[in-house]
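Novice: Sequence:
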Amino acid sequence: MSSSTGATTERFLQGRSALITGSTSGIGLGIAKSLAARGCDILLNGFADETVVNRLKNDISSNHGVNVHFFSTDLAKPEELNEMCNSIKSMYPVVDIIVNNAGFQHVSPIDEFPDEKWHDLLEVLLGAPFRLIKAFLPGMKTQNYGRVINISSAHGIIASPNKSAYVAAKHGLVGLTKVVALETAEMNITCNSICPGYVETPIFEFQVKSLAEKESLEYTEAKKKFLSNFHPSKEAVRVTDVAEMTTFLCTDACRNMTGSQITMDGAWTAK
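For the sequence shown, this note's numbering gives the first residue as -13, with consecutive numbering after it.
No wet-lab data here; the hints were simulated from the structure.
Fair warning: there could be bad hints in the mix.
[To be verified] In the DSBU-like style, the derived pairs of lysine-lysine whose C-alpha atoms are separated by at most 30 Å in a straight line are:
1) Lys164 with Lys195
2) Lys120 with Lys103
3) Lys220 with Lys195
4) Lys211 with Lys149
5) Lys63 with Lys43
6) Lys149 with Lys220
7) Lys103 with Lys63
8) Lys210 with Lys164
9) Lys195 with Lys211
10) Lys220 with Lys127
11) Lys75 with Lys195
12) Lys63 with Lys195
13) Lys127 with Lys210
14) Lys210 with Lys257
15) Lys75 with Lys127
16) Lys149 with Lys257
17) Lys210 with Lys220
18) Lys164 with Lys211
19) Lys211 with Lys257
20) Lys210 with Lys200
21) Lys75 with Lys120
22) Lys127 with Lys149
23) Lys195 with Lys210
24) Lys149 with Lys75
25) Lys120 with Lys195
26) Lys164 with Lys127
27) Lys220 with Lys257
28) Lys63 with Lys120
29) Lys200 with Lys120
30) Lys63 with Lys75
[As the list claims (entries may be wrong)] Label pairs and their computed distance ranges (CB to CB):
31) Cys240 with Lys120: 37 to 45 Å
32) Glu(-4) with Ser146: 34 to 42 Å
33) Glu66 with Pro188: 23 to 31 Å
Don't be surprised by glycine CBs; every beta carbon is placed ideally from N, CA and C.
Sequences and hints are given; from them, build the entire structure.
Specialist: Structure (structure tokens):
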């Protein structure tokens, strides 16, 4: 590694392409920028208004000299996902890197959990990764190269109450990771899952601000109190931490690192 942020700064992904779901903000956007900095063409997916999308595309393209495309596909709808795959294949017959990052949360006791929320959560967090891997894995096989990175969660390893669909989907994503790794072990195709704890995203900041207001705390004090219930480190994971780990998994140094669950949670799941 040659940079202070982690993975190599060389443009070792020049000529490659990467599809990152849920990449208009947060972790996904951070990953997109990190891969673009290494020369990779970027296929964005997510929900954002046209002005925001155009700004993101222009920023990434001009800053890193790569091609950037955007798909507003709703991953909860398989027919839309299939249309996106066909559109991508018309531009890139082979997609070299898939980052399954899209997701959302719903919190409710099981006996009150809406069926439609269960269905949509499982579809976006587990069904879509399955379908995307199925669609683009054949192309990876033809060139004897591919990288699949599934952004799971600490909740892919442990559980919390009132998050039945999320926990089930993230556990399933870890299982899917292992199966893909076994099926592609001799093909220079790797499949790994990253399992972050709480990451410094707008959603996390909202949770901390809510706690600060509720208990009349300063933001930094509320942040430490919130994290102390989960991360022994009392520190949140940075978006750049996850982005650089994703980029590192795309290097040749990781050609024999496959089927892994990489925890980034301040020792939460070590307890």
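Novice: Checking each numbered hint in turn, tell me which of them this model violates, lowest number first.
Specialist: 1, 8, 10, 11, 12, 13, 18, 22, 24, 25, 29 and 31
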